[in-house]
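**Student:** All chains should be modelled from the sequences, with the hints used to inform the complete structure.
Protein chains in written order, with our numbering: chain B, 1 to 166; chain R, 1001 to 1745.
The hints are simulated quantities; they were obtained by calculation from the structure and are not laboratory data.
Treat the hints loosely; a few may be bogus.
To be verified - Each pair of labels, with its calculated beta carbon distance range: (1) ARG1247(R) with ALA66(B): 43 to 51 Å; (2) ASP121(B) with PRO1200(R): 23 to 31 Å; (3) ALA1480(R) with GLY64(B): 47 to 55 Å; (4) PRO1200(R) with GLN113(B): 41 to 49 Å; (5) THR118(B) with LYS1740(R): 22 to 30 Å; (6) ARG1247(R) with ASP14(B): 16 to 24 Å; (7) ASP14(B) with SER1240(R): 31 to 39 Å; (8) ASN148(B) with LYS1211(R): 54 to 62 Å; (9) GLY64(B) with ARG1247(R): 26 to 34 Å.
Note that the Cβ used here is the ideal one computed from N, Cα and C, for glycine as well.
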Amino acid sequence: MIRLKVNGVSRQFDGDPNMPLLWFLRDELRLTGTKFGCGMGLCGACTVHLNGSAVRSCQTLMQGAADKEVVTIEGLHPKAEHPVQQAWQQANVPQCGYCQTGQIMQAAALLKQKPKPTDADIDTAMKGNICRCGTYQRIREAIKSAANKAPASVPTNRSGRTGGEQ
Amino acid sequence: MNRIELVSRRTFLGGMFSAGALVLGARLLPIEALASMSKGSTDHAAWNPSVYLGLETDGTVIIVAHRSEMGTGIRSVLPTVLADELDADWKRVKIEQALGDAKYGSQNTDGSCSIRDFYDAMREAGASARMMLIGAAAEKWGVPVAECKAQNHEIVHAGSGRKLGYGELAALAAKQTVPKKEELKFKSAAEYRYIGKDVPTVDRADICAGKGVFGIDAQMPGMVYASIVRSPVLGGKMKSYDDKEARAVRGVQQTVVLPGFTPPHGFKALGGVAVIADNTWAAMKGREKLKVEWETSEHASYDSAKYKQSLLETVRKPQKVVRNVGDVDAEFAKGGKTHEAEYYVPHQSHAPMEPPAAVAEFKDGKAVIYAATQNPQAVQDTVATALGIDKKNVECHVTLLGGGFGRKSKPDYVAEAALLSKAVGKPVKVTWSREDDIGFDYYHTVSALYLKAALDEKGRPTAWLQRSAFPSMMSTFSPAATSASAGELGMGWTDLPFDIVNHRAENGPAQHHVRLGWMRSVANIQHAFAIHSFVDELAQLAKRDAVEYLLDVLGPSRQIDLQAPSRLAQKYPLDTGRLRRVIELAAERSNWAKKKPTKGRALGIAAHRSFLSYVAAVVEVEVDNSGKIRIPRVDIAVDAGKVINPDRVKSQFEGAAVFGATIALMGEITAEGGVIQQSNFHDYPVARINEAPLVTHVHLVPSDAPPAGVGEPGVPPISPAICNAVFAATGKRIRELPIKNHKLV
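**Tutor:** In structure tokens, the structure reads:
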């Protein structure tokens, strides 16, 4: 039996320990904000936070997530008002929107690590996240805009989770 | 699926509204349909002046979005047009996504035509409803209609200041006579509240919260999950299969054989063996364990390297003339200076970030579908045929689409889900893997193009010959189709707008070997690449500035008669003045005149009219000492006629620059032995944030011309503009895409 926390809620899983976390989130927990894009860790659509770091959930096996804390887009902020989510809305980033949850999770992890990222930092952190609609320049703009906002608006606890999670 | 059909569909809708919205609207959308959409039913005096609109007694305006949302914003933008003419408060507007139903006219969200085909209908519907509300209020107050006006969800009486909300007036307004089309009074541009403004899309917040529901997210109670192995060669029949190991995978329930298709493949399920499981992962694992042997097919001969040579040989010889002006041969025979070049564009894959996915339940002779589809009526047709039921028994719910680009107009994956549901007696979700998506796409075609010009002493063409060969996407519907359709040729080939006395366009035969389909901007991709690379070559030969040369070849402002279908040609004549204007604008805003090329850094230009819009792109390219390319800046000037939502239009052109950059830099699908060689983003790369243009500035030409397309026309000029910039920066002329196959230093 594998135990883990997802968005602050304790969960357990007794299926194939080699199943990627992605499918546990999507098919078992019905947290469909985390997307399937490639299954090879090439596109970033499935990005979630594992103990505070951005990971590809299609490459994170259930046994690797055991006893860890997972945050998905649904748990990033209780009202979906994380500074990155707000900046994404202000810049009208999404087109089709499919990759954007992964982009947002990746950007949120970047800003936690580097509150004032340079263009090169953004390239390095975000180049694993593909957007076929081509919203990259607005993603860059939104990250810079979020970086310029006071990060104190979202309280963060020790493990790096946002304060509003249950 | 030929785009020309859109003209006739447009005629159909136009006819519907000119005859009066209510009469035909009522016949096409019975009052019950609307009542079932509203919460209550008979006690709600809901009414419907058109197919697209309902007003409830609580004042909620329901606007039916009948087009699919794949990222253009159309699901929001078309309704803003109606809401504006209705003078509705956007906050009180509720958007309902339409089911697939012929009563809406065409729902095929494709061909960059949603605004141009439905803008007038939306305005007419909104204005009709507004005038009926005014009429109702005037009648209630016993005052002349002229003394009443609509103002933000209320009708106001000027003299007394009395007001009545739209909801209060709904029942009365429903008894008003629907105004005739010629009686409709439209708002002036100055009165617009939403048209021409950057109204955010209704889906933006949900998307950022992870609540947007795409096809792959759809769920039905009791649903099982499927993954399908298909013949690697188009049309290969299954010889044998062994599912013992597959069935042993934990979570796998059963396997189902889907029979192969009978040509034409159309939108039919390809056939194969499906693994049905408790979750997507188990289905995919089980599918890996399947052992399937396939027979070969006639398409096993398909080898991209050899095929390329055959296309090139075709364009080296005279082919069928598809447009002729003057006498090219006589001019060439004079023996003056000439220039010729061959170009090649390989297959491309759409690769939307959401791979094809659908959920279907077949029960009691009816199918219920949830799908990411650009064309829900094609879903109805395809599923009905696959299941042997009537189209009206197919209920297609349209989810958000995680990208479409033309791929999701073809509902083969929905047919798979429906057939599997019938086989297992449960709702089935089919999820294509990325390998399925890239390996079994309806690919953008592969093309060779040959151009030759005779040149005068200023290096200007006196004769221009262009010859193309590529397998036609019409082969999807008719396997015997070996030459390009008029629709494909009309996309930048037979509508060359240059001022050249002698001009001939030809097209040669080519056999298809994989499924082909339309991908964002379609045949314009190869046509614009070849034509605008060649213009640039001629400018360089003449040692003239590329912008000045392009304007010279384009010639004076004039309208060109292409003998196109008359309605479209009258409303949207090919106006070279508008093309000149975008070239000048792009040159000005990119600072073309001052940014002279230096070693490793230069600008390139291309301009192309497609989907009735005029677009010029100036791309700045940097090539470093290792040959690595960066694109620091793109300037795109656009005349798309009247623009409804400038921000969403700009976003389409920003995205088109990235899509075009992928085609230019890295996009390439190849086949060996009939089998596609690419499978995922490691071997079919698409532009990432560090490879895409850093900034694209979109410059919209203010215009009151009828709205034209915006989803696709940004793509065609990008690849030639990039390659022209690469030449200016490095002296390397790229005649075969993608650039990644060439050494630049």
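**Student:** Hints first: check each against the structure and report whether it holds.
**Tutor:** Against the structure, the hints come out as follows:
Our hint of 43 to 51 Å for ARG1247(R) and ALA66(B) is violated, since their Cβ atoms are close to 28 Å apart. A C-beta distance of roughly 28 Å is found between ASP121(B) and PRO1200(R), which places it inside the suggested range of 23 to 31 Å. Taking the beta carbon of each, ALA1480(R) and GLY64(B) are about 54 Å apart, inside 47 to 55 Å as hinted. Between PRO1200(R) and GLN113(B) the Cβ separation comes to about 30 Å, which falls outside the hinted range of 41 to 49 Å.
Checked against the hint of 22 to 30 Å, the C-beta distance between THR118(B) and LYS1740(R) comes to roughly 27 Å, which is consistent with it. Checked against the hint of 16 to 24 Å, the C-beta distance between ARG1247(R) and ASP14(B) comes to roughly 21 Å, which is consistent with it. The supplied range of 31 to 39 Å is met by ASP14(B) and SER1240(R), whose beta-carbon atoms lie about 36 Å from each other. Distance hint for ASN148(B) and LYS1211(R): a CB-CB separation of about 27 Å, inconsistent with the stated range 54 to 62 Å.
Between GLY64(B) and ARG1247(R) the CB atoms are about 27 Å apart, so this pair conforms to the stated range of 26 to 34 Å.
Hints 1, 4 and 8, counting from the list given before, are not met by this structure.
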